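Peer 1: Take a look at the letters that make up each chain.
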Amino acid sequence: MSNFSLKNMMTRQDVLGFFVLAVLLLVIMPLSMDIIRLTQFGKYLSFAFVAVGLVLCWGYGGILSLGQGVFYGLGGYALAMFLKLEASSPENTAIQSTPGIPDFMDWNRITELPWFWEPFNSFTFSLLAILIVPTIFAYFIGFAMFKRRVGGVYFAIITQAISSILTILIIGQQGYTGGVNGITDLRTLLGWNIRSDYASYVFYFIGVALLFVCLFVAQFITKSKLGRILVAMRGQEDRVRFSGYDVANFKIFVFCVGAAFAAVGGAMFTLQEKFMSPSFVGIVPSIEMVIFCAVGGRMSILGAVYGAILVNVAKTYFGESFPELWLFAMGLLFIGVVVAFPDGLAGVYQKYCAPTVDKFLDKAPLFKRYSGDSSYSGSSSSHEPVNAS
Amino acid sequence: MFSDYTATELGSIFAMQGFAGLILFAVFLLMALGLAIIFGQMGVINMAHGEFMILGAYMTYLTSNLFAEYLPGLFDAYFFVAIVVAFLASAALGAFVEWAMIRRLYHRPLDTLLATWGLSLLMQQSYRSIFGAREVGVRIPDWMAGSFPVTDIVELPINGLIVMLIAIGVTFCVYLLMFKSSWGRRVRAVVQNRPMAGAVGINTAKVDRMTFALGCGIAGIAGSAFTMIGSTGPSAGQQYIVDTFLVVVFGGAASLLGTVASAFSISQAQSTMEFFLGGSMAKVLTLMTVVIILMFRPQGLFTLKVRK
Amino acid sequence: MNAATATATNTDFVLAVEGLTVSFDGFKAVDDLSFYVDEKEIRVIIGPNGAGKTTVLDLICGRTKATSGSVKFRNKELTTLKEHEIVKAGVGRKFQNPSIYEDLTVFENLELCYPRGRNVFGALFFKRDAKVISKVREVAEMINLKDELESQADLLSHGQKQWLEIGMLLIQDPDLLMLDEPVAGMSVTERKQTAELLRRITNDRSVIVIEHDMQFVAEIADHVTVMHQGKILAEGSAEKVKQDPKVIEVYLGH
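Here the protein sequences line up with chains A, B and C, keeping their order.
For the first sequence, the residue numbers in the numbering used here are 1 to 389.
For the second sequence, the residue numbers in the numbering used here are 390 to 697.
For the third sequence, the residue numbers in the numbering used here are 698 to 951.
Incorrect hints may have been included.
[Said to hold, decoys possible] Calculated from the model, a selection of chain C residues having no Cβ within reach of chain A, i.e. all distances over 10 Å: (1) Arg771; (2) His781; (3) Ser796; (4) Leu801; (5) Glu808; (6) Gly814; (7) Asn816; (8) Gln869; (9) Gly933; (10) Glu936.
[What the hints assert, rightly or not] In silico BS3-like links for lysine-lysine, alpha-carbon gap of 30 Å or less: (11) Lys928/C - Lys737/C; (12) Lys773/C - Lys843/C; (13) Lys147/A - Lys843/C; (14) Lys943/C - Lys147/A; (15) Lys785/C - Lys939/C; (16) Lys725/C - Lys762/C; (17) Lys928/C - Lys939/C; (18) Lys939/C - Lys737/C; (19) Lys725/C - Lys937/C; (20) Lys828/C - Lys147/A; (21) Lys824/C - Lys889/C; (22) Lys147/A - Lys779/C; (23) Lys779/C - Lys843/C; (24) Lys147/A - Lys928/C; (25) Lys147/A - Lys937/C; (26) Lys785/C - Lys928/C; (27) Lys889/C - Lys725/C.
FYI, nobody ran anything at the bench for these hints, they're computed from the structure.
For clarity, every value in this text was computed on a predicted model and none was experimentally measured.
All C-beta atoms, glycine included, are put in the ideal place defined by N, C-alpha and C.
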C-alpha cells in the first residue's frame with residue numbers, strides 16, 4: 001500500500017538520521033572499542049529503548065511516567081529468572097542443602113522452587129513473559145488511571161509510587177527475588193556460554209537490531225494518524241473527545257508500547273551485564289530515564305538514543321573520575337534541559353544543523369530522487385517547540 | 390498474624406504502635422501541608438520537598454550543637470529555637486528557588502517536576518559536601534526523652550506528644566493564615582482566578598513567592614520533627630517524598646482536613662503493621678493500599694463537585 | 698436520571714430534551730429544562746450571561762453529566778453515553794473559544810476529524826487516500842482556508858481559527874450541529890463571511906446556535922429559545938420573542 005511506503009514514513013532527514021545512527025552503532029562503535037567497552041556501550045543502548053518509549057508517551061502523548069524502571073526491571077527479571085534457573089541445575093548446585101534451586105533461595109532456607117518461578121524453566125515462556133508481563137501490567141495501570149481521566153502530575157506520582165513499591169518488595173522478599181543484589185551469576189543460555197567475547201558481540205548486535213526495530217515502530221507510530229492524535233491530545237484533550245476519539249484508549253496504547261520497549265531494553269541489559277537488580281527499578285533510575293529522553297529531545301526518537309548514550313557516557317566518566325561532581329552535574333542537567341533547552345539535542349540540531357544539512361541533501365545525488373515530503377505530510381508536528389506539556 | 394496474641398496484648402500493641410506513629414504522623418502532616426499549599430497555589434509539585442525538610446533537620450542539628458557549646462544552661466529549650474531557625478532557613482531558600490527557577494516554569498507542571506528533582510540532587514550533594522556523608526543525630530534534651538506511663542505496658546513518649554502538638558499547632562496557624570487573614574484571601578484569589586487577581590491589584594508574583602516560601606518553611610519544621618525519629622543524612626529526605634505525595638493526593642489536594650486525615654491514617658497504618666510484618670512489608674502494603682484506592686477514587690478522600 | 702429516562706417517550710424530533718437538570722453543589726445551572734428540535738431546524742438559544750446556555754450544550758454533548766432528565770437524539774438516550782460515543786451518534790459541537798489543534802497543520806486538523814479510523818488500530822493504520830484528501834480540500838474551500846492547508850493552526854487569525862473549527866465539524870458530517878457563539882470576536886467582514894458560511898452549511902442538518910447578536914439571530918433562526926437562570930423564559934420565532942416583555946426586561950433591555 002502506498003501509504004505505508006518509506007516516503008510517507010520518513011522525510012529524507014529521517015532517512016539520513018537512521019543511516020548515520022546505523023553506521024555509528026554497527027560499524028564505528030564495534031571497530032573502535034574493545035569488547036568490554038562495547039558491552040558497556042550496549043548497556044547504554046539498553047536504556048535507549050526506554051528513552052524511545054518515553055518519547056512516545058511523554059513527548060507525543062504528554063504522559064509522564066516516572067515508573068519506566070518498573071517495566072525495564074520486569075523485562076530484565078523475566079530473562080534473568082530463566083537464565084538463573086538454567087545456571088541452577090542440580091549438578092551446578094550440588095553443594096546446596098536443596099540442590100536445583102537458585103543459590104539465594106537456598107541461603108534464605110527455601111526448599112522448593114516457588115510456583116511463580118516454575119514457568120521460567122521454559123525458554124519460550126520467558127521470551128513471551130519479557131514482552132507480555134510488563135505490557136499487561138502497563139495496561140492495568142493505564143486502564144485504571146486513564147479511564148478515570150487521571151493524568152498529568154497525578155499519573156507521574158502514582159507511577160513513581162509503583163516503582164517505589166516494587167523496589168521495596170524486591171529487596172524485602174530476598175528469598176524469592178535475590179534481594180538487593182538481584183539475580184546474579186548467570187552463565188549459559190540454552191547451554192551456550194554467555195560470558196565469552198563471541199557471545200558479547202552477538203548480544204551487542206542483537207541489541208542494536210532490536211533497537212532499530214523499536215525505532216521503526218516508533219517512527220511508524222509518530223507518522224501515523226495516531227501520532228497526530230497524540231499531539232492533539234497533549235494540548236486539547238477535551239477537543240479530541242469531541243472529534244470522536246476515546247482518549248483513554250490512545251493513552252493506554254502508547255503507555256503499553258513504552259512499557260514493552262522498556263522491557264526489551266531490560267532484557268538486553270540482563271543479557272549483556274549478566275545480572276539484574278532492583279537498582280534499575282526504583283525512583284532514581286526511573287526518573288533518570290526521563291532525563292535521557294529530555295536531553296535527546298522529547299519529540300525526537302533518534303534524539304532519545306543519543307540522549308541515553310550521552311548521559312550514560314557522562315555518568316560513567318564523572319562517576320569514575322569525580323564522583324562528588326556527578327550529582328551536581330546531574331542536578332544541573334535536569335534543571336538546565338528543562339528551563340533552557342526543552343527540545344534537547346534534537347532542538348539544537350533542528351535550529352542550527354538541519355538547514356545546512358538540507359542544503360547539502362539538495363545537492364547529494366543519492367537524495368535527489370528521494371523527495372520524502374509528499375504534500376501534506378505531517379512533518380510539522382514533530383518539530384514544534386514545547387510550549388506546554 | 391493476630392492469633393499469637395491475646396486481646397489485651399493486641400490492645401496494648403495497637404496503643405503503643407499508635408503512639409509511636411505520632412511522630413511519623415507529625416512529619417507526614419507537616420510535609421504534606423507544605424506540598425499541598427504549593428501544589429494548590431501554583432500546580433507545582435516540589436520534588437525537592439524532602440531536601441527542604443532535611444535542611445530543617447540540619448538546622449536543628451546545628452542549633453543543638455550551638456546550644457550545647459555556648460548556652461548549655463538553655464539546652465533544654467533549644468528545640469523551640471531550632472524550629473524557628475529551621476522554618477526561616479527553609480523558607481528563605483524556598484523564596485530564592487522560586488525566584489531563580491520555579492517562576493520560569495509555570496504552566497509546565499511536568500517540567501517543574503523534573504527541574505525540582507534536579508534541585509533535589511543539587512541539595513543532596515551540597516549537604517554531603519558541607520555536613521559530610523555520615524548521618525548525624527541530634528541529642529534530645531533529657532526532659533523530652535522520657536515518657537508517661539499510661540498503663541503497665543503502654544507508655545506515651547513525651548517527644549512524640551510535643552512534636553504532634555507542634556504539627557497540629559502549625560496546621561491550625563496555616564488554617565488561620567489561609568482562611569482568616571487578608572494574605573490568605575489574596576492567595577485564594579490568585580488560586581481561583583489568576584488574571585483577575587492580577588487585574589484587581591494583587592501582586593501575583595509576590596503571592597507565589599511567599600506561598601512557595603511558606604510551604605518550604607513548613608517542610609523545615611517537619612525537619613525539626615524528623616530529628617526525633619531518624620538520623621539526618623544527605624539523602625534521608627528522598628525516602629519521604631513518595632509517602633508525602635500519596636498523603637497529599639489521598640487527602641484530596643485542596644482539603645486541609647483531608648490532608649490531616651490521610652496523614653493520620655497512613656502513618657498509623659504503617660506504624661501498626663510494622664510491628665507485625667516488619668518495616669518493608671508494612672510500607673509496601675500501606676503504599677499499595679493507597680495506590681489501589683486512588684485508582685478507584687482518584688479525587689482522594691475529600692473533594693467538591695465544581696462547575697467546569 | 699433513570700426515572701426520567703424511563704418515562705421519556707420516543708418522538709419524531711431529532712433532539713428531545715426533557716426535564717434536564719444539573720446542579721453544582723446545590724446551584725441549579727440548568728433547571729428542569731425541556732425543548733425539542735426538528736429535522737433541519739435552526740434553533741437559536743439566547744439569554745443573559747450565566748443563564749445556562751453553554752451548560753445545555755455541555756449536557757447534550759456529554760461534557761457535563763446531568764443530575765436528572767433525559768436527552769434523546771433520534772430516540773437514542775445520550776446522557777449515559779461518553780463524549781466520543783455521542784460524536785459517533787452524529788452530534789457535533791463547536792466551542793466558544795476556538796478549540797483547534799494548534800500544534801498541527803490545517804490539513805491535519807481537518808483530517809483528524811474525518812470520520813474514519815477512530816479506534817486505536819484504525820488510527821494507526823489510517824490511510825491518507827484520495828478520498829480523504831479530496832474531502833479535506835472540499836471543506837477547506839468552504840471555510841476559506843484552501844491556501845492555508847500547510848500552515849500550522851496556531852498561526853491563523855482568530856477568525857480563521859473559528860472557521861477551521863467549523864470545518865472540523867463539517868468534515869464529521871453531523872446530523873446535529875451545535876455552535877457556541879460562532880461570530881464572537883470577529884471583525885465585520887469576517888462576521889459577514891461567517892454568516893454566509895453558516896447559511897450554506899445549515900441547509901441539510903439541524904443546528905443549535907448560541908448567539909448574542911440579535912440581528913444575526915433574526916437572520917438565521919427558525920426558532921428562538923430564551924433562557925434565564927437555567928430555565929426557559931420564552932420560545933418562538935425571533936419576531937415574537939423580541940416583542941416579549943419578559944425577554945425585554947431580563948435580556949434585551951431598553
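Peer 1: Could you run down the list of hints and mark each one as holding or not?
Peer 2: So, going through the hints one by one against the coordinates:
1. Every Cβ of chain A is farther than 10 Å from the Cβ of Arg771/C; the closest lies at roughly 17 Å, confirming the non-interface assignment.
2. With a least beta-carbon separation of about 5 Å from chain A, His781/C fails to lie farther than 10 Å from that chain, contradicting its non-interface assignment.
3. The Cβ of Ser796/C sits about 5 Å from the closest Cβ of chain A, inside the 10 Å cut-off, so the non-interface label is violated.
4. For Leu801/C, the condition that its CB be more than 10 Å from all CB atoms of chain A is violated, with the nearest at approximately 6 Å.
5. Under the 10 Å C-beta cut-off, the non-interface status given to Glu808/C relative to chain A is violated; the minimum distance is some 7 Å.
6. Under the 10 Å C-beta cut-off, the non-interface status given to Gly814/C relative to chain A is violated; the minimum distance is some 6 Å.
7. For Asn816/C, the requirement that its beta carbon stay farther than 10 Å from each beta carbon of chain A is not met, with the minimum near 7 Å.
8. Residue placement check: Gln869/C does not keep its beta carbon more than 10 Å from all beta carbons of chain A (closest about 7 Å).
9. No Cβ of chain A approaches the Cβ of Gly933/C within 10 Å, the least distance being about 30 Å, so the stated non-interface status holds.
10. Chain A leaves Glu936/C outside its interface by the beta-carbon criterion, the shortest separation being 34 Å against a cut-off of 10 Å.
11. Annotation: proposed proximity of Lys928/C to Lys737/C holds, straight-line Cα distance about 24 Å (limit 30 Å).
12. Of the supplied pair hints, the one linking Lys773/C and Lys843/C is violated, its CA atoms being roughly 36 Å apart against a limit of 30 Å.
13. Distance hint between Lys147/A and Lys843/C is unfulfilled; the C-alpha atoms sit about 37 Å from each other, more than 30 Å.
14. Restraint check for Lys943/C and Lys147/A: not satisfied, since their Cα atoms lie roughly 45 Å apart, outside the 30 Å limit.
15. Proposed proximity of Lys785/C and Lys939/C is contradicted: the alpha carbons are some 36 Å apart, above 30 Å.
16. Under the criterion of a C-alpha separation no larger than 30 Å, the hint pairing Lys725/C with Lys762/C is consistent with the structure, at around 13 Å.
17. Taken as a hint, the Lys928/C and Lys939/C pair is honoured in the structure, with Cα atoms around 18 Å apart against an allowance of 30 Å.
18. With a C-alpha separation of about 23 Å, the suggested pairing of Lys939/C with Lys737/C holds against the 30 Å cut-off.
19. With a C-alpha separation of about 28 Å, the suggested pair Lys725/C and Lys937/C falls inside the 30 Å cut-off, and the hint holds.
20. Of the supplied pair hints, the one linking Lys828/C and Lys147/A is violated, its CA atoms being roughly 33 Å apart against a limit of 30 Å.
21. For the hint linking Lys824/C to Lys889/C, the alpha-carbon distance of about 37 Å lies beyond 30 Å, and the restraint is violated.
22. With a CA separation close to 11 Å, the supplied pair Lys147/A and Lys779/C stays within the 30 Å bound.
23. For the proposed pair Lys779/C and Lys843/C, the alpha carbon gap of about 33 Å is over 30 Å, so the pair is violated.
24. Of the supplied pair hints, the one linking Lys147/A and Lys928/C is violated, its CA atoms being roughly 33 Å apart against a limit of 30 Å.
25. Among the hinted pairs, Lys147/A with Lys937/C is inconsistent with the structure: their alpha-carbon atoms are about 47 Å apart, more than 30 Å.
26. Simply put, Lys785/C and Lys928/C have alpha-carbon atoms about 29 Å apart, close enough for the 30 Å limit, and the pair holds.
27. With a CA separation close to 36 Å, the supplied pair Lys889/C and Lys725/C exceeds the 30 Å bound.
Checked against the numbered hints above, the structure breaks hints 2, 3, 4, 5, 6, 7, 8, 12, 13, 14, 15, 20, 21, 23, 24, 25, 27 and satisfies the rest.
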